[in-house]
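Trainee: Hey, can you work out the whole structure from these sequences and the hints?
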Amino acid sequence: GAVVSQHPSWVICKSGTSVKIECRSLDFQATTMFWYRQFPKQSLMLMATSNEGSKATYEQGVEKDKFLINHASLTLSTLTVTSAHPEDSSFYICSARRRQKIEKLFFGSGTQLSVL
Amino acid sequence: ILNVEQSPQSLHVQEGDSTNFTCSFPSSNFYALHWYRWETAKSPEALFVMTLNGDEKKKGRISATLNTKEGYSYLYIKGSQPEDSATYLCAFPYTGTASKLTFGTGTRLQVTL
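Sequences listed follow chains A and B, in order.
Going by my numbering, 112 is the number at position 112 of the first sequence; the sequence numbering is gapless.
Going by my numbering, 67 is the number at position 67 of the second sequence; the sequence numbering is gapless.
Simulated from the structure, these hints should not be mistaken for lab results.
Careful, some of the hints might be misleading.
Derived SDA-like pairs (lysine to any residue); straight-line CA-CA distance at most 25 Å [what the hints assert, rightly or not]:
(1) B:Lys42 with A:Val115
(2) B:Lys100 with A:Ala2
(3) B:Lys59 with B:Gly16
The structure displayed is predicted, hence computed values, not measured ones.
Mentor: Next up, the structure:
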């Protein structure tokens with residue numbers, strides 16, 4: 001089956017630093033990757049959609065300058081949380097889709113970010 | 001953003017029990033309904049993508065039904081086993097898209113011996 005690898009699994013950083021999270025599709029080409037965020041006891045909330053070779057599309061209320069997304073190849077998308085603050089502490093998870101139109105998503109295992 | 005509601009929030013059953021839970025979604029402009037299973041410390045794994053009213057899909061002991069006219073889907077687990085313990089998520093595409101999904105908060109299932 002299709003595998004999506006996400007690293008790191010967890011990260012603790014100081015306020016003001018930047019954190020990069022990687023999401024790789026290991027055995028398929030992901031034309032589109034999605035980045036979600038989940039706060040405790042809440043649902044997965046879509047942050048942005050990233051298409052290979054083009055700028056990411058951000059959902060309403062998500063700051064594009066704070067959450068930088070790069071989708072440089074068909075197998076790699078990165079999310080960089082810039083100048084992280086404690087309120088950015090959350091669980092971040094990526095998902096990817098292959099070329100088909102209606103299809104299930106393949107998820108990474110998520111990254112728990114804690115900003116001190 | 002569309003509302004996807006799941007109930008119950010959590011469920012505790014014994015091994016061998018059969019169980020079911022509900023996902024409610026907007027019935028207008030239906031496109032597809034997804035079910036995922038999310039075990040702790042693992043990646044969410046797709047169970048079903050359902051597109052047709054009245055559709056029923058099955059995977060082992062797990063099955064799902066879909067009613068697009070009234071906006072609900074049921075997930076059934078027959079003869080629950082401890083390995084079925086997970087959070088079960090349903091998701092519904094944003095209007096006009098196929099794969100930008102809005103998720104429910106999930107049903108957390110705990111199966112004990």
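Trainee: Next step is simple, just say for each hint if it's right about the structure.
Mentor: Here is how each hint holds up against the structure:
{"no.": "1", "hint": "B:Lys42 with A:Val115", "result": "23 Å, holds"}
{"no.": "2", "hint": "B:Lys100 with A:Ala2", "result": "19 Å, holds"}
{"no.": "3", "hint": "B:Lys59 with B:Gly16", "result": "17 Å, holds"}
Comparing the model with each earlier hint shows no violations; every hint is respected.
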